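S.K.: Protein chains in written order, with my numbering: chain A, 1 to 528; chain B, 1 to 365.
Hint data in this document are derived by calculation from the structure and do not stem from the laboratory.
Check each hint, because a few of them may be wrong.
Derived coverage of chain A by chain B (criterion: at least 3 residues anywhere in the stretch with Cβ under 8 Å from a Cβ of chain B; other residues may be distant) [said to hold, decoys possible]:
hint : segment
1    : 120-130
2    : 411-423
Partial chain A-side listing against chain B, Cβ under 10 Å, derived [unchecked claim]:
hint : residue
3    : Arg116
4    : Val173
5    : Ala177
6    : Gly428
7    : Gly430
8    : Ala431
9    : Asn432
10   : Gln435
All of these numbers come straight from a predicted model, not from anything done at the bench.
For every residue, glycine included, the Cβ atom is placed at its ideal position computed from N, Cα and C.
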Amino acid sequence: MRIRHRAKFPPWSHGVIAVTLGLVVGLSGCSSNPDTDTVVLGSTTSLYDTGLLETLVAAFEAEHPDLKVRVLSVGTGQALALGRRGDADLLLVHAPPAEREFTRSGHGRSRVTFMRNDFVIAGPDEDPAGLRALDDPDRGPTSLRAIAEAGASFVSRGDDSGTHMRERSMWEVAGIAPAGEWYMEAGQGMGASLSLASERRSYVLTDRSTLTVLSDVLDLEVLAAGGPALENLYSVIETTAGANPDGAARLRDWLLGETALGLIRVYGEERYGRPLFSLVPFDLESATTDVRSRFTINPFREAWALLTSADTYVWEVVFRSLSISGAALFLATIIGLPLGAMLALSRFRLRSPVVALVNTGLAFPPVVVGLAVYMLLSRAGPLGPLGFLYTPYAVILAQVILAGPYIAAVTLAALDGVPPDVRQQARGLGANQWQAILLHLREARASLVAAVAAGFGAVISEVGAVMIVGGNLLGETRVMTTAIVLETRRGNFGIAIALGMVLLAIAFVINLALMLFNGRGLRRPALA
Amino acid sequence: MTSREAALAPSQILVGRDLRVLAGEKILLDVTDVEVRGGEVLSILGPNGAGKSTLLRVLAMLQKPDGGVIRYQEAEGAAADHLLRRTSAFVFQRPHLWAGTVRENIELGLRLRRHPPDSTRRTAEEAATQLGVGELLDRDARSLSGGEAQRVAIARAMALEPEVLFLDEPAANLDVMARAALIEDLEHVARDGRHATVLATHDRADAFSLADRVIVLRDGRVVQSGRPEDLFENPADPFIAAVTGAELSFRATVEQARDGLLVVRSSETEFTVVGSAEPGADVKVAYRPEDLFLSRVEIHASPRNRFEAQVVEVRPAGSLLRVRLEGSGRWVAVITRAAGDELSLEVGSRIWVQVKATALHAFPV
Chain A
1 MRIRHRAKFP PWSHGVIAVT LGLVVGLSGC SSNPDTDTVV LGSTTSLYDT
51 GLLETLVAAF EAEHPDLKVR VLSVGTGQAL ALGRRGDADL LLVHAPPAER
101 EFTRSGHGRS RVTFMRNDFV IAGPDEDPAG LRALDDPDRG PTSLRAIAEA
151 GASFVSRGDD SGTHMRERSM WEVAGIAPAG EWYMEAGQGM GASLSLASER
201 RSYVLTDRST LTVLSDVLDL EVLAAGGPAL ENLYSVIETT AGANPDGAAR
251 LRDWLLGETA LGLIRVYGEE RYGRPLFSLV PFDLESATTD VRSRFTINPF
301 REAWALLTSA DTYVWEVVFR SLSISGAALF LATIIGLPLG AMLALSRFRL
351 RSPVVALVNT GLAFPPVVVG LAVYMLLSRA GPLGPLGFLY TPYAVILAQV
401 ILAGPYIAAV TLAALDGVPP DVRQQARGLG ANQWQAILLH LREARASLVA
451 AVAAGFGAVI SEVGAVMIVG GNLLGETRVM TTAIVLETRR GNFGIAIALG
501 MVLLAIAFVI NLALMLFNGR GLRRPALA
Chain B
1 MTSREAALAP SQILVGRDLR VLAGEKILLD VTDVEVRGGE VLSILGPNGA
51 GKSTLLRVLA MLQKPDGGVI RYQEAEGAAA DHLLRRTSAF VFQRPHLWAG
101 TVRENIELGL RLRRHPPDST RRTAEEAATQ LGVGELLDRD ARSLSGGEAQ
151 RVAIARAMAL EPEVLFLDEP AANLDVMARA ALIEDLEHVA RDGRHATVLA
201 THDRADAFSL ADRVIVLRDG RVVQSGRPED LFENPADPFI AAVTGAELSF
251 RATVEQARDG LLVVRSSETE FTVVGSAEPG ADVKVAYRPE DLFLSRVEIH
301 ASPRNRFEAQ VVEVRPAGSL LRVRLEGSGR WVAVITRAAG DELSLEVGSR
351 IWVQVKATAL HAFPV
């Protein structure tokens, strides 16, 4: 099970290609789904995480066998972006100001607010900002002010979702521009943000339903609830650019009909003791406009502007990526290189199982590595007390586990490719044991450099494991790949493309450097 | 070892005792006694698989034996290893040239020993010139022919000015031309008297032309050792006779010496033979009976020595015939029965004998 010259097409190049293709497909995907037997529903992660959407969709499809519902469960901001671009026919969202703007600008019609629950501020039982003791009818902004004043750790969704928009508007009301060590931007869905808050002992704004559903796995308490700012209203909107307006209308009418409202009214009662949502009386607004609009900004131009203007966000993410993956690569190299060399140069009793283990490590699916590291580092896990989860250390650990075996395996293969008696020959010229090993390594050094470079490419283009263990925290664990995922979701294609271009440029520079290195002869030996 | 040899021998510098190398149950090497003396050329001769390379590597302490001790100068164990690394050089049968230029390769050993840069450069250039690869110094080492690579490897070893030089089949992988040229140069290298040379080879011509002493190995064991002429004249058994080719000899007087060949006179006939001796010296000329070519008529061909003789005895030996001849001395030839029938050999018939100069080896008496 030896790999040889595998570095020619390093596995991470697939990642880079996938990102490129993703960008291209994402941008050319402006054409809508022509199928009239499918209706695309853009909705929020909070509704999906509670399971309500699934229940509703199943009931709808049972009544309408000719119509399939495809649910895109994203943040409200992204759902609105999908609607603007015609990638969704119907939206079920919860950010009234943004929704009003959406319909006002002609992207949606027939907006109906029909259900509600409430937002709460959850946090650790210790309640370091003392939210429980506050006495103000408008609990939302007051609580945020208390958190900011205490400098207590707070997790923001940071993804332009309905919850994030609500949080921002509450900060505005509170008169505070949140920033600093204590303010973490997760850039993830509600469930992941709650998990992050639980692990990092932080406050978080959440809809009550998701918190209730996930309460078993979270160590969070409701610390502030009630008041106008924490009201959470859900609306349904038909998009003007959608491909299946008839399907959208049928689904909307059904959602506002007796069957659906009956399901919503009692949903969760059986399992959680009380319903997760309640109904809002509504009268049907009619469509204000029927203008079909399209996505018009040129994202490539925007990307170029970001790259040339030293945009702090883009470069902060790039720097974060390089430093995290650089550290991971350094550790993976000082572990993988000697391990591979030891396996190639010596014969010991447990060698075969170790070689098998290293080769298995090559095939680790990154997401599984992410999961394993998550279990290891989470508060309940064996290394929980270190508090590494959702920090750069966790990302570095996952990346070391991914790149270490790769570097070890390539080192082993490269050294095996050198004539076996080369160390003996070096000794025959007077080399001591260490010089002989170095002379052996030197003969394989082109492959070794390629191994390390390919390892770097692998870790810097990894996304699954990084997302799981890092949490995509702005300024801490948000790296190029996770930022691309987030910004694509948010509809910020310019930023996503800018980061994609940096990632491609890094891949290109690495390959160019390797080519130059391999093409060049031996320089002064650094040995003697 | 004869007492005369012991008396003449310079001091031992490298000694191996009870050396054993095993591969599982199989004995690869079992040598009770081996020594290398300062300045001498010692050939380890034997067929492929006899353990020559193993013995060489064990002596050079590049391979740990399963038993036995090596003493180098006054040191043993790690100290001997350390000393050998600093004062010996080993040229492998397939020398490894490191990626880089020829110059970098020749300088490699010196750099490992941390020689000062300017003397390193000079020494490397001298060694390259001595081995005829001075022109190649700036070439990519990976672009050399087999012969060039072998010379670079030897130059790389010689640049270290070793006290012991180990050569493992240095000419084995070369074509005939490169091989002849290399052996000639090796003779200069080996005989400069500044270092001892231990040469492993399966080729008896190489072994005998270069060596002061020869060790013959078979199946990992020493079957005979001594001066080349002793082995030639008194092979311990038929195996050695076959390996050394020594069976018969006659006495002769040297008339001329040139280009490594001697013209000697015996029984009023001149012979051209291989060897080194001064004109006027008495020598013994050895040959192998199968190296004689017999023909009914005189044929002008490449062999330098040609004479007519009379058959005095024809004796079957298996599928071969052993033929005793008289004329320009006494000779024994071995030919196949078929050849004997074609030549209609019988006692008293006249026959032409041809023998190549390189099949006749002259030794000082």
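S.K.: It remains to establish, for every hint, whether it holds in the given structure.
M.R.: Structure-based check of each hint:
1. A stretch counts as covered by a chain when three or more of its residues have a beta carbon under 8 Å from one of that chain; for the segment 120-130 of chain A and chain B the count is 0, and the coverage is violated.
2. Look at the segment 411-423 of chain A against chain B: 3 of its residues bring a Cβ nearer than 8 Å to a Cβ of that chain, three or more, so the hint holds.
3. At a threshold of 10 Å, the smallest CB-CB gap from A/Arg116 to chain B is about 73 Å, leaving the interface hint violated.
4. Against a cut-off of 10 Å between C-beta atoms, the interface hint on A/Val173 is violated, since the closest Cβ of chain B lies about 69 Å away.
5. The closest approach between the C-beta of A/Ala177 and any C-beta of chain B is roughly 59 Å, which is over the 10 Å cut-off, so the hint fails.
6. Because the smallest distance between the Cβ of A/Gly428 and any Cβ of chain B comes to about 3 Å, under 10 Å, the interface hint for this residue holds.
7. At its closest, the beta carbon of A/Gly430 sits 5 Å from a beta carbon of chain B; the interface hint therefore holds under the 10 Å criterion.
8. For A/Ala431, the interface hint holds, since its Cβ comes within 10 Å of a Cβ in chain B; the closest pair sits about 5 Å apart.
9. About 7 Å separates the beta-carbon of A/Asn432 from the nearest beta-carbon of chain B, less than 10 Å, and the hint is met.
10. Hint status for A/Gln435 relative to chain B: holds, with the closest Cβ pair at about 6 Å, below 10 Å.
Of the numbered hints listed earlier, those contradicted by the structure are 1, 3, 4, 5.
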